[in-house]
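Chain by chain, the residues run as shown.
2 protein chains.
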Amino acid sequence: MASPSVSDAAEQPFFPDEPTGPIMRTEIPGPISKKAIAHLDKVFETRSLNMMVNYQNSFGNYIADLDGNVLLDVYAQIASIPVGYSNPSLLLAATSPDMASAIINRPALGNFPQHDWAEILETGILRVAPKGLGQVFTAQAGSDANELAYKAAFMWKRRQQRGGPDVEFTQEEITSAMDNKSPGAPNMSILSFKTGFHGRLFGSLSTTRSKPIHKLDIPAFDWPQASFPHLKYPLEEHAEENAREEQRCLDETEKILTTFHSPPAAIIVEPIQSEGGDNHATPAFFKGLRALTRKHDVLMIVDEVQTGVGATGKFWAHEHWNMEDPPDMVTFSKKAQTAGYYFGNPDLRPNKPYRQFNTWMGDPARALLFRAIINEIERLNLVQNTAETGDYLYTRLQALGEKYPGEIQNLRGKGQGTFIAWDSPRRDEVLKKAKTFGVNVGGSGERAVRLRPMLIFQKKHADIFVDAMEKVFQS
Amino acid sequence: MASPSVSDAAEQPFFPDEPTGPIMRTEIPGPISKKAIAHLDKVFETRSLNMMVNYQNSFGNYIADLDGNVLLDVYAQIASIPVGYSNPSLLLAATSPDMASAIINRPALGNFPQHDWAEILETGILRVAPKGLGQVFTAQAGSDANELAYKAAFMWKRRQQRGGPDVEFTQEEITSAMDNKSPGAPNMSILSFKTGFHGRLFGSLSTTRSKPIHKLDIPAFDWPQASFPHLKYPLEEHAEENAREEQRCLDETEKILTTFHSPPAAIIVEPIQSEGGDNHATPAFFKGLRALTRKHDVLMIVDEVQTGVGATGKFWAHEHWNMEDPPDMVTFSKKAQTAGYYFGNPDLRPNKPYRQFNTWMGDPARALLFRAIINEIERLNLVQNTAETGDYLYTRLQALGEKYPGEIQNLRGKGQGTFIAWDSPRRDEVLKKAKTFGVNVGGSGERAVRLRPMLIFQKKHADIFVDAMEKVFQS
Chain A
1 MASPSVSDAA EQPFFPDEPT GPIMRTEIPG PISKKAIAHL DKVFETRSLN
51 MMVNYQNSFG NYIADLDGNV LLDVYAQIAS IPVGYSNPSL LLAATSPDMA
101 SAIINRPALG NFPQHDWAEI LETGILRVAP KGLGQVFTAQ AGSDANELAY
151 KAAFMWKRRQ QRGGPDVEFT QEEITSAMDN KSPGAPNMSI LSFKTGFHGR
201 LFGSLSTTRS KPIHKLDIPA FDWPQASFPH LKYPLEEHAE ENAREEQRCL
251 DETEKILTTF HSPPAAIIVE PIQSEGGDNH ATPAFFKGLR ALTRKHDVLM
301 IVDEVQTGVG ATGKFWAHEH WNMEDPPDMV TFSKKAQTAG YYFGNPDLRP
351 NKPYRQFNTW MGDPARALLF RAIINEIERL NLVQNTAETG DYLYTRLQAL
401 GEKYPGEIQN LRGKGQGTFI AWDSPRRDEV LKKAKTFGVN VGGSGERAVR
451 LRPMLIFQKK HADIFVDAME KVFQS
Chain B
1 MASPSVSDAA EQPFFPDEPT GPIMRTEIPG PISKKAIAHL DKVFETRSLN
51 MMVNYQNSFG NYIADLDGNV LLDVYAQIAS IPVGYSNPSL LLAATSPDMA
101 SAIINRPALG NFPQHDWAEI LETGILRVAP KGLGQVFTAQ AGSDANELAY
151 KAAFMWKRRQ QRGGPDVEFT QEEITSAMDN KSPGAPNMSI LSFKTGFHGR
201 LFGSLSTTRS KPIHKLDIPA FDWPQASFPH LKYPLEEHAE ENAREEQRCL
251 DETEKILTTF HSPPAAIIVE PIQSEGGDNH ATPAFFKGLR ALTRKHDVLM
301 IVDEVQTGVG ATGKFWAHEH WNMEDPPDMV TFSKKAQTAG YYFGNPDLRP
351 NKPYRQFNTW MGDPARALLF RAIINEIERL NLVQNTAETG DYLYTRLQAL
401 GEKYPGEIQN LRGKGQGTFI AWDSPRRDEV LKKAKTFGVN VGGSGERAVR
451 LRPMLIFQKK HADIFVDAME KVFQS
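Protein chains in written order, with UniProt numbering: chain A, 1 to 475; chain B, 1 to 475.
Hint data in this document are derived by calculation from the structure and do not stem from the laboratory.
A portion of the hints provided could be inaccurate.
Note that identical chains are pooled: a pair holds if it fits in a single copy or bridges any two copies.
Listed below are the simulated DSSO-like cross-link pairs for lysine-lysine, each with C-alpha atoms no more than 27 Å apart in a straight line [what the hints assert, rightly or not]: (1) 295 / 414; (2) 211 / 352; (3) 403 / 232; (4) 403 / 433; (5) 157 / 181; (6) 352 / 34; (7) 232 / 157; (8) 433 / 194; (9) 414 / 432; (10) 157 / 211; (11) 287 / 157; (12) 157 / 403; (13) 414 / 352; (14) 352 / 35; (15) 34 / 295; (16) 433 / 34; (17) 42 / 352; (18) 181 / 287; (19) 131 / 432.
With the rest of the complex left out, here is chain A (with noise of 0.2 Å):
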């Protein structure tokens, strides 16, 4: 299905096993698999099952089901297979001595670290810190990594309220705290944006702003948000209103830095609102929002969960940014195969022990094969291959827009990698229909199609994917 004459007919492949292309052998769900379903929906929620899947049978970018079908994967697990399947170089790391060992005997980090651990740190998640941010505290998802950094900031500002880490705690806050109330669970809030995700446990989930489905009847902090920027797209066609869209944006932001009923400690944004509808702003809205946090004296959490990790075409969708002064915190999940956040001021460790703490603290044993990931991103330079297939597919998805303009609206995530999408007037079908020419593709916001390709996708199989959109878009 590949269209040699268009891709670099001399791009070395990454892995010379993976198949050459999808393999269509059944309807999606096929018989095996509609029966395997059944069977599980005994016992597990199926209703969002999109794929039953093979992971053993599964290549590289191929995803493989019950029936024989190869899917070639640009959701790749809701953004989180990095390297892709079975990579053999992760294979070596989850078959060593020290992951097994890592896996039947897990430490209570905080209390019991294993004697390798700040090593594992060092050569491992620490090596890919973001600028600025040399400290790490270690969770498990995406969702914890956001709370932990919410409750970072909270202690922060309230030391700092308080006047300094040496103030001890009044007796009243010890007995209001226990008693859920201020002072001691003071009134302050997080600021998030409009159509944000950050996550559905309860903290997390009063950020989110995506859809309605993730909150309606869950309680949630009366805490506020402000306008995501609407911008136009393609940006450079755009840049002047756009930036009158995001200026107000911020003034909106500031507007409620300062006189919010409970005042925020910190602002969690993302770099690029991914589950939202993969909504974009230009590096001067950043670092408006960055010298706001600096003028009103909160602090500015980056969640990269999603766009971390490569996606963009630098390790960190932050460093499109080019900010001098870095964010407070940024948090990571998804494609590190494990999660927490990155910080740099040593003021973030809170004044005392156990008040950040939890009976875990992360994982070890997805700590190492996050450093696994780490070494193969290095070892085949795979956020320069993001790059540079990043800018293939967006021109070649540029061409089929312009031929289906109808199809292929407001194209976005140019220069950042393989991180595209569009929207689509039609999505759920198209969506639906690219299984049936060999691909799997996600969805985002109301009516995105947003790629989320693995690391090692290369520009062979981003002319797979166009020609199967084109497909798709002629049915």
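Keeping the supplied structure of chain A fixed, place chain B upon it in accordance with the hints.
Frame of chain A, contents of chain B only:
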């Protein structure tokens, strides 16, 4: 150090290669550990560090540090190691091809479950499901397991108020939910108990009432707390006044259920308050709670994060209650090495997909490990072992307490396996000194010494432990 004259000399060791007793070579931390801790401190929180550990050198009930010291471990990673360090059966599971694939091909289980997920659940997590609770929602840690259970409770209650699963959300609900306001984000609550612990994320922390240091500076929901019984020990000598105390707490609970301004959708309770000081209540109390929740139509969530998986001499601690009508949800983590909540009522499945959802929704690698743990528990009959060892240990501690009445107060946990604790007037000193005699033991609440040995703890280990405690008391 063992006292073969006291324990059953015929007792077969589960792991013949396990050390025969503690080996103390240096003070703790020794020189190598000190250096390693200073190194770790540069990149990770170490103020809560108890001991730096070499897990590859730790076997069975024994934990090894970096200086050649080997301690009998009755704390077990805050009650989370089930069947011993470096357990050979778990090692087999951890090095299986299924495990390797689960580690490197982590699925988004709600969208792309693996072909054998139903089987993994059925032969593992669900095989030990509490009576009446045949379904599971998987999670990653105790905190998020509890929060997911809370979300299920809120959705269930609102659905009931709305008039059933087919009644659609109103526009007002949809709009207000996005704004974190009622009715979409309802003014509802979870009732928890004083000195209870249910986790440290924002929702779970709002139900945690253990210690101020866990809660200070973190915004909390205005949710209610009822008194948990303060019983007198030994329970059998104070039956009448304990019954009055339990009734007082039940009355208080009922008052909150009927009058609190933010109506509870559920109560959550631990079978034994584990972080809060090992506070017990009788089956009558829990049956009373079940009756109240039925009467007032709220759910009963039992938090078995610390009590579950065999430690009390039953697989689930709530089995001790012999309750006809099971709890609505039971949460688990720690010794399961994975997490989630069990439920039975199909109405606790939300009425639409994507309401209870997140990227990973648990972890098949950890589910495979739990299955291996369950198999090991069955192979060695470890729940029975824990019941028997617990009785033996309790009897020996009772005798020790008679000899040292100033050291062992309110001994508790009789008939609850090895889930035993006592109050100590110089608790932190006792915990520290225990290390010099080769025992790693933890505390809970303000002054309790809590025993949380693994399920492979045998009478010979109990002897070593009791003898070491006597040396501590003598010193």
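Please sort residue 34 with residue 295 into within, between, both or neither, judging by C-alpha distance up to 27 Å.
neither (57 Å within a copy, 42 Å between copies)
At most 27 Å between alpha carbons: which applies to residue 157 and residue 403, within, between, both or neither?
The answer is neither: 53 Å in one copy and 51 Å across copies each exceed 27 Å.
Up to 27 Å between alpha-carbons, please classify residue 287 paired with residue 157: within, between, both or neither.
Within one copy, since 22 Å is at most 27 Å while 44 Å is not.
Tell me, please, which holds for residue 131 and residue 432 at an alpha-carbon limit of 27 Å: within, between, both or neither?
neither (41 Å within a copy, 40 Å between copies)
Give the relationship of residue 157 and residue 211 under a CA distance limit of 27 Å: within one copy only, between copies only, both, or neither.
Answer is between: at 21 Å across copies they meet the 27 Å cutoff, but 30 Å inside does not.
Within a copy, between copies, both or neither: where do residue 414 and residue 352 come within 27 Å Cα-Cα?
Close neither inside one copy (45 Å) nor across copies (36 Å); limit 27 Å.
When no copy is specified for residue 403 and residue 433, does a C-alpha distance of 27 Å or less occur within a copy, between copies, both, or neither?
Close inside one copy (19 Å), not across copies (78 Å); limit 27 Å.
State whether the alpha carbon distance between residue 433 and residue 194 is at most 27 Å within one copy, between copies, both, or neither.
neither (31 Å within a copy, 55 Å between copies)
Between copies, within a copy, both or neither: which fits residue 403 and residue 232 at Cα up to 27 Å?
within (20 Å within a copy, 80 Å between copies)
If the cutoff is 27 Å on CA atoms, where do residue 414 and residue 432 land: within, between, both or neither? Let me know, please.
The answer is within: 25 Å in one copy meets 27 Å, while 59 Å across copies does not.
My question is about residue 232 and residue 157: at a cut-off of 27 Å on alpha-carbon distance, are they close within one copy, between copies, both, or neither?
neither (36 Å within a copy, 42 Å between copies)
For residue 352 vs residue 35, is the C-alpha pair at or below 27 Å within one copy, between two copies, both, or neither?
between (54 Å within a copy, 22 Å between copies)
Of the numbered hints listed earlier, those contradicted by the structure are 1, 7, 8, 12, 13, 15, 18 and 19.
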